[in-house]
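Going line by line, the protein sequences match chains A and B. So that you can map any letter, position 167 of the first sequence is 208 in the working numbering, and since no number is skipped, the others follow by simple counting. So that you can map any letter, position 124 of the second sequence is 186 in the working numbering, and since no number is skipped, the others follow by simple counting.
Since the hints were made in silico from the structure, they are not lab data. Possibly wrong hints are sitting among the right ones.
Stated by the list, open to error - Footprint (simulated), chain A over chain B, 3 or more residues, beta carbon under 8 angstroms:
{"id": "1", "region": "119–126"}
{"id": "2", "region": "130–138"}
{"id": "3", "region": "149–157"}
{"id": "4", "region": "161–174"}
{"id": "5", "region": "198–211"}
{"id": "6", "region": "252–258"}
Said to hold, decoys possible - Far from chain A, some chain B residues (derived; all Cβ distances over 10 angstroms):
{"id": "7", "residue": "Met99"}
{"id": "8", "residue": "Arg214"}
{"id": "9", "residue": "Thr221"}
{"id": "10", "residue": "Ala230"}
The C-beta atom is built at its ideal place from N, Cα and C for all residues, glycine as well.
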Amino acid sequence: MSILDTIQQTAAGVVAKLRPDAPPDRLIGRKHGSIGTSLPRIDGPRKVRGEARFAAEVPAAGLTYAALLHSTIARGRIATLDTAAAAQAPGVVLIMTHENAPRLKPPAAFMSDPRAAGASDLPVMQDATIHWNGEPVAVVLAETQEQADHAKSLIVATYEAEPARLSFAQAATRSRQPESVLGEPAIIRIGDAEAALAGAAFQVDLTFHTPRHSHAAIEPHAATVWWEGDRLVIHDATQMLHQTRWTLAGIFGITEEKIRIHSPFVGGGFGGKGLWSHQILAIAASKLAGRPVRMALSREGVFRVAGGRTTTTQRVALGANADGTLAALIHTGTVAMTTHNNCPEQFTFPARHLYAAGSFLLEQRVADMDMLANTFMRAPGESIGTFALETALDELAEAMRLDPIELRRRLEPEQDPTSGHAFSSRHMLAAFEAGAERFGWSQRNPVPRGRREGEWLIGMGVAAATYPYYRMLGGAARVTITRDGYARVATAGHEMGMGTATVQAQAGADRLGLPVEHVTFEYGDTALPAGTVAGGSSQTVSIAAAVAAASAKLIAELLTLAGNDSPLAGLSAGEVEARDGGLGHPEQADRFESYVSILTRAGREEVSAEADAPQPVETQRYSMHSYGAQFCEVRVSAVTGEVRVSRFLGSFDTGRILNPRMAASQFRGGIIMGLGLALMEETEFDERSGRIMNPSLAEYHVPVHLDVPDIEVIWTDIADPHAPLGAHGIGEIGITGVGAAVANAIHNATGRRVRDLPITLDKLL
Amino acid sequence: MLVGGLARLGLRAGPSPRDVPQNGATPPAAVPKGVDMPITINGQAVPIPVDVRTSLLDLLREQLHLSGTKKGCNQGACGACTVLVDGERILSCLALAAQYEGRSVVSIEGLTPDGELHPLQRAFINHDGYQCGYCTPGQICSAIGMADELRRGVPSAVTADLAATTMALTGDELRERMSGNLCRCGAHNGIVAAIAETFARTPAMAEAAE
Numbered sequence: 042m043s044i045l046d047t048i049q050q051t052a053a054g055v056v057a058k059l060r061p062d063a064p065p066d067r068l069i070g071r072k073h074g075s076i077g078t079s080l081p082r083i084d085g086p087r088k089v090r091g092e093a094r095f096a097a098e099v100p101a102a103g104l105t106y107a108a109l110l111h112s113t114i115a116r117g118r119i120a121t122l123d124t125a126a127a128a129q130a131p132g133v134v135l136i137m138t139h140e141n142a143p144r145l146k147p148p149a150a151f152m153s154d155p156r157a158a159g160a161s162d163l164p165v166m167q168d169a170t171i172h173w174n175g176e177p178v179a180v181v182l183a184e185t186q187e188q189a190d191h192a193k194s195l196i197v198a199t200y201e202a203e204p205a206r207l208s209f210a211q212a213a214t215r216s217r218q219p220e221s222v223l224g225e226p227a228i229i230r231i232g233d234a235e236a237a238l239a240g241a242a243f244q245v246d247l248t249f250h251t252p253r254h255s256h257a258a259i260e261p262h263a264a265t266v267w268w269e270g271d272r273l274v275i276h277d278a279t280q281m282l283h284q285t286r287w288t289l290a291g292i293f294g295i296t297e298e299k300i301r302i303h304s305p306f307v308g309g310g311f312g313g314k315g316l317w318s319h320q321i322l323a324i325a326a327s328k329l330a331g332r333p334v335r336m337a338l339s340r341e342g343v344f345r346v347a348g349g350r351t352t353t354t355q356r357v358a359l360g361a362n363a364d365g366t367l368a369a370l371i372h373t374g375t376v377a378m379t380t381h382n383n384c385p386e387q388f389t390f391p392a393r394h395l396y397a398a399g400s401f402l403l404e405q406r407v408a409d410m411d412m413l414a415n416t417f418m419r420a421p422g423e424s425i426g427t428f429a430l431e432t433a434l435d436e437l438a439e440a441m442r443l444d445p446i447e448l449r450r451r452l453e454p455e456q457d458p459t460s461g462h463a464f465s466s467r468h469m470l471a472a473f474e475a476g477a478e479r480f481g482w483s484q485r486n487p488v489p490r491g492r493r494e495g496e497w498l499i500g501m502g503v504a505a506a507t508y509p510y511y512r513m514l515g516g517a518a519r520v521t522i523t524r525d526g527y528a529r530v531a532t533a534g535h536e537m538g539m540g541t542a543t544v545q546a547q548a549g550a551d552r553l554g555l556p557v558e559h560v561t562f563e564y565g566d567t568a569l570p571a572g573t574v575a576g577g578s579s580q581t582v583s584i585a586a587a588v589a590a591a592s593a594k595l596i597a598e599l600l601t602l603a604g605n606d607s608p609l610a611g612l613s614a615g616e617v618e619a620r621d622g623g624l625g626h627p628e629q630a631d632r633f634e635s636y637v638s639i640l641t642r643a644g645r646e647e648v649s650a651e652a653d654a655p656q657p658v659e660t661q662r663y664s665m666h667s668y669g670a671q672f673c674e675v676r677v678s679a680v681t682g683e684v685r686v687s688r689f690l691g692s693f694d695t696g697r698i699l700n701p702r703m704a705a706s707q708f709r710g711g712i713i714m715g716l717g718l719a720l721m722e723e724t725e726f727d728e729r730s731g732r733i734m735n736p737s738l739a740e741y742h743v744p745v746h747l748d749v750p751d752i753e754v755i756w757t758d759i760a761d762p763h764a765p766l767g768a769h770g771i772g773e774i775g776i777t778g779v780g781a782a783v784a785n786a787i788h789n790a791t792g793r794r795v796r797d798l799p800i801t802l803d804k805l806l
Numbered sequence: 063m064l065v066g067g068l069a070r071l072g073l074r075a076g077p078s079p080r081d082v083p084q085n086g087a088t089p090p091a092a093v094p095k096g097v098d099m100p101i102t103i104n105g106q107a108v109p110i111p112v113d114v115r116t117s118l119l120d121l122l123r124e125q126l127h128l129s130g131t132k133k134g135c136n137q138g139a140c141g142a143c144t145v146l147v148d149g150e151r152i153l154s155c156l157a158l159a160a161q162y163e164g165r166s167v168v169s170i171e172g173l174t175p176d177g178e179l180h181p182l183q184r185a186f187i188n189h190d191g192y193q194c195g196y197c198t199p200g201q202i203c204s205a206i207g208m209a210d211e212l213r214r215g216v217p218s219a220v221t222a223d224l225a226a227t228t229m230a231l232t233g234d235e236l237r238e239r240m241s242g243n244l245c246r247c248g249a250h251n252g253i254v255a256a257i258a259e260t261f262a263r264t265p266a267m268a269e270a271a272e
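This is chain B alone, in the form it adopts within the complex (with noise of 0.2 angstroms):
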């Protein structure tokens, strides 16, 4: 059924069949009898899962099959499984699904309603930010999480005016603020620039770039 009301809003919660066969079975339904306050992901609401020990990135990954947010370290060292809970960037893997009772959730596979692409992920096709894909959903969400907080004016560790209200968008402020973002494959340029590019495009970021 979650499936189901994932697919209505244009979200692909199961496999691609075109290249991804598999053993002849749909996927368990695969939502557990949970408790009653549920989290809210991509818009639907979830029941907590029955494991306490479930974090939030496996309830995604494993029982939801939400495979866009990935799995890179597990211990919060590489920023692939960035997602927004209530608009801020948080670890997945870090979290237990529990502690996410009555919040919302947005995962890669929920940026834009309407399975359109966000511009950042148009930004990151354009910048070629990306090789091998894998830590590209981690990297689009957490520079969406990183971007408001810019607006807010949270300092980061290269801010030299910690009580400044806002913060232009330098090139230093944006690599420091996504250095907890790994990516292997070195597309680190690409990845600036789209981000760059597209931040300094909407009123908040180009106000405080001035």
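Excised from the complex, chain A in its bound form (with noise of 0.2 angstroms):
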């Protein structure tokens, strides 16, 4: 997920233009500070005790609890609403629908703005029309959930039904090409990618088809919310606080200011905790009501009411030449998508710079359905687009073969083959190599269905992945140092389990040249700096440029603190640096004063700092990109179909590592989510009624711990010397190319091709 607003590419292009390269990051080079070590969790002992509290348990005196009704059409009015019997319902305290709903103004939608946070920009509950099957069309509110949950099974709701557009492959008819995919043009051509396609030497040209995706983290969403007087109080579960914030304001029509939002804890988001409908319609059934609002969604409420990641038609043609270099590379597909929402699910961004080819033809269409807005899910496009393009690359390997491996090593770009800029840091085939040799990627058979144990076959795979570095704008952080030698970094940061608590201490920590356990890092409240969305993998490097920021602010107000009876007197901010808890000239061990004393010397209590982050002008110059290597074995009953994840090993190359532990557990997370993209996700749509037929956890299936063996992953940890700390996000890329590397397992141990996720066992039979 990115915020790429024209006006700040322009700007941001402008800037990279006239400015030089930035120095690299100092901490790149160092080796004995916290990074790179591998701490243990922050929060981890309050976790494993049940104290780290989340949003709905939240506790407020004269709360009431919030229940939900969804219509069950897709698309018309709503005829009568009748809510008499519910009202006498013992315990209700109000029933809001749209006939006595505050008005408020539609979310400004996602991408919208840099600010936005809204997932659609429907209006919520303003009238009686009905957009998607599952919206909201009553709140009753009650003093216990109980009665809220009977109360709302009482109300009587009738709907004039109008046309809907239900069915994808028809909305694919009546296709559109969208203004932009994340900033980026819809449609890229070089060459003519169909003749070169016509006249290669070896081709491929197939089609897949990628089904709806649901979060599905455990944590359902939930917020609390109330008013103080005119001030509101949010206790909510999202992944971007500021946004929420912006866009709350302008739809109750009141400033950021009298907005707190609280997020310390997010059980899970992979994207889809954002601004939906529920926290909006919390609010104002609290102003209608004049108390605390809990709206905790049941299961089924998060899949009415929170979107996943849509469904997709791709085709991909690869036309390669003699020598296994490629003369065209196509990629171009529709997905599913609403009039409100803007989320084209960029599927074609990798196909944009991973490999060299003579001629492309990329494009992205959008099929405007009558549903739920769909949104980002852990590495939209890319999960689902790598699924494509490198089961496409695996069976162009093996009408040529060629090893896989040998093919993407002859397929290598020199710059980015689509943008022509240089890379910053590439070491794809490094990792590949590095996997192939610890996977033992060499006992491969390359004969499908030649290798097999009673009734399993066993086959082995391997697929690219490949995911963008973002570093969004807008992000601020302060830095405070106390006289006792301590530091709290703040910033309204997001932790759901990625680690940004602890790396963030580290990385303060090594900025400051403290240990790491003298900093404190504070986040998840919109009363601190402004944080950036924790998405587009993002997060650690927008705050580690914001903090790096306000650090060299706050090291030249310590510097003028300090005086000219320090050591470090007539010393620049450039030509000191903090380490040994203070600050000194690199070489010249005796010039050197501790934080400490400067403080002491100076009276002063703490000295604080604040910058914003500068911006991101290194992807202008730069392709920055991750990559990685999934090589995954499996074993395919001949008997029923049933494919199980025996081995499976993911090689990564993203920049510096910053805490192993807990990056070994992103990418892991990562590759786990892309198990259940290739073996069983699917949200099971109904054509007919547009209704979500499957919103459980017990019909959504998700990996559980039979199905995942135990993941090896490896990295290159190279920095990038472009990237502050020389990082890269990780949450993502362990997705992409997980379901090909399972597919093209699948293909190895059976020599049947599945292009239709989920690979179920009935497609294999």
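Please assemble the complex out of the two chains, which come individually in their own frames, going by the hints.
Written as structure tokens, this is what we have:
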């Protein structure tokens, strides 16, 4: 997910042309700091004790509980809404419908403004119109959840249904080209790819289908909200704090300063914990009732109210020359979307950067449907785009009788194949080679169905992983040193399990030359300096850049405070470094003064500095991406078609690894979600009614313990000289390439190609 | 009174004041007047809720403010609400509180009497057996109940010999028996490692593993 608005891009482009490269982050070369160590999670003890308090767990006096009634048609109008019986039910405090809801402005939709967080720009409960099957039509507040749920069941709604666009195939016949795909062109043509394909020595031309997916975070979306006069307090589960605040301010017509959002713990996000209608309804209902509201969505409610990854059809056509280079790379397709959101699932992005080719045709189209707004889910586009592209590459390798890794060696580009920019840091082939060695790729029998143990057919597959480097604009940080030699680093960042709290304490410690035990990282609160979204695998470097800027400012202030009586006298901010609990000349050991000494002599309790992160000009000058190679071994039952993943290895090139323990978990987490994508996950959309038919964790299948083998992860650990800390984000790359690695392994095991996810056993019989 | 009682046990029932500001008021004492036979929760007698629809999970979370037990699906599909009743693991979302009168319930907050970490909790930290932390209490309570089932020789779907009186904590036994506890962040390897290490060390398990 990225916010790349046109103005920002243009401005950053001009700046990039005028400014020489920034020098590499000083911390990249540091060897003995906290970065690079496997510090256990700082919040671990609270999590294992059950003390980490989530949004639905915040107590409030006079709390009411909310239940939602969802529409049962996809498009049309509410004809009648009989709430009389519900209103009489025990414990009911309020029933809110479009007839009595406060007048609200529509949310500013994500991507419409860098500050916007709305999942769509549909008005929320403002009239009788129905836009999707599952749209909330009534909110019941009661003294207990049981009472609210019961009262909701007493409401009788009738509808006047209108024809709805519910067939993806039909909608695709009227598809349109979006204005842009996350700020990038929806179509890229280089040369005449169709002609080059037709004339190529080897060709594959394939169609893929991927279904809808649900984030299925174990914490259901929830918010506990109340008004204090004209001030609004929200305990939310969100990965976009300040964006939510700005958007809510617009909806409710109040200033941002009146709104405070807390979100110290988020029980899994994966792109799904944004601003949906439930928070808006909770706030509106709280206003009407004059009481605090807990809106904890039921699991079904999550499926009805919070969208997931959309469905796609994709074409990948590859034309190869006899020497194994590509004459043509075509990746086109259509995704289901709505007219009220902007999330076109950027499945062509991997093909824009991965391989050299003589010609390109990359095009994304969208098909408008009457459905809940789709949204970003872990590696939107890249996850399912690499499924298609990397399966096609495997099919091409097979047609050419080339090892799939050898084919990729022949396709390695010297610069970005579509933008022409130099790569900032690219070691994809090294990742392939290290992974192949470790996994025992040489043991693979290239002949499909060539290895069998009893009932089990065994195969191995490989695929590339890739994900862009993003650094979001708009973040700020405050750094404070206290007289006792401790520091606080503060920004409204998000901790959804990625390890933000821990790794930012580590980075802050190295930035300030302090032991990590002396650094507190404060986050999850809009009262702190503005954070950026936890999305696009961008948060780690986005925060690091803001902290670096604030630290530089702080060091300058400390030098001023130190004055002429200090061993630092005469040194400028650029000549000192933070080390050993103070500031010092990098080479002259005696030119050093500790923070304790500086603050004590100055008679100050603390010194603080706040700064905005600089523009992310690095992405305007370089092609910045992460890479990897996913290796999979499967066992497929020749009797039942059941697929078991017996071994998996991910080999990654993602810049410097900041905390190996947590990085390994992030990579594995992505891979495991990728196993779900490959083998079991599908949000079932009934094209007759527009209703999601498996809105539960019993029927939306995610990998469970027995589905998950021991997963090995390795990495190059080569710092990107153009990134803060030398690091790239690693939250999403893990899922990319997994679908294809599994599919390619299944083909190697069985001889069957499945191009329609998920690869369930019926497709292998 | 109940909240105070829990505090004496070193258990936190209220909000953590550091990061959870609230709307200026203490939560209501929240224990409704109920019928006579109590449930024992983490060593404390608790009256049965008046509203018979109240699940054991909602009694813990909403009335006792023991929010360490999590609600992931409220329909028995995710395991986040797992607690121990007389040592056996159950899904508290599928349990009406009224069913458990006279029984002894232990939630994540009551695993150890003195607020010390249980060896399995320490192992979760060392093996990074979590990310977001939401499924974690359920995984931990479930694993403790699972280990006891193994000790008692309760077979699972992957147990080869259904007549066996003890069985080894093999990787497949552990994974099968923990498959009712979903983790979406993907910390499965760390969770399994933490459980294997903890229970491989206990005498009963070591014996079973031999």
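Verdict on B/Arg214 as a residue remote from chain A, using beta-carbon distances over 10 angstroms:
Consistent with the label, B/Arg214 stays out of reach of chain A, its closest Cβ about 21 angstroms off (over 10 angstroms).
Given as covered by chain A, does the region 198–211 of chain B meet the bar of three residues or more with CB within less than 8 angstroms?
Check passed, 3 qualifying residues.
Hey, does B/Met99 actually stay past 10 angstroms from chain A on C-beta?
21 angstroms, holds
Beyond 10 angstroms from chain A, beta-carbon-wise, is B/Ala230?
16 angstroms, holds
Would you check chain A against the region 119–126 of chain B, counting CB to CB pairs closer than 8 angstroms, and say if three or more residues qualify?
Holds: 3 residues of the region 119–126 of chain B have a Cβ under 8 angstroms from chain A.
Counting residues of the region 149–157 of chain B with a beta carbon closer than 8 angstroms to any beta carbon of chain A, are there 3 or more?
Result for this restraint: violated, n = 0.
Closer than 8 angstroms Cβ to Cβ for three or more residues is the test here. Does the region 161–174 of chain B pass it with chain A?
holds (count 3)
Has the region 130–138 of chain B got at least three residues whose CB is nearer than 8 angstroms to a CB belonging to chain A?
holds (count 9)
Hey, does B/Thr221 actually stay past 10 angstroms from chain A on C-beta?
For B/Thr221, whose nearest Cβ neighbour in chain A is about 13 angstroms away, the distance exceeds 10 angstroms, so it holds.
Assertion that chain A covers the region 252–258 of chain B - criterion: three or more residues, beta-carbon distance below 8 angstroms
Holds: 3 residues of the region 252–258 of chain B have a Cβ under 8 angstroms from chain A.
In summary, the one numbered hint that this structure violates is 3.
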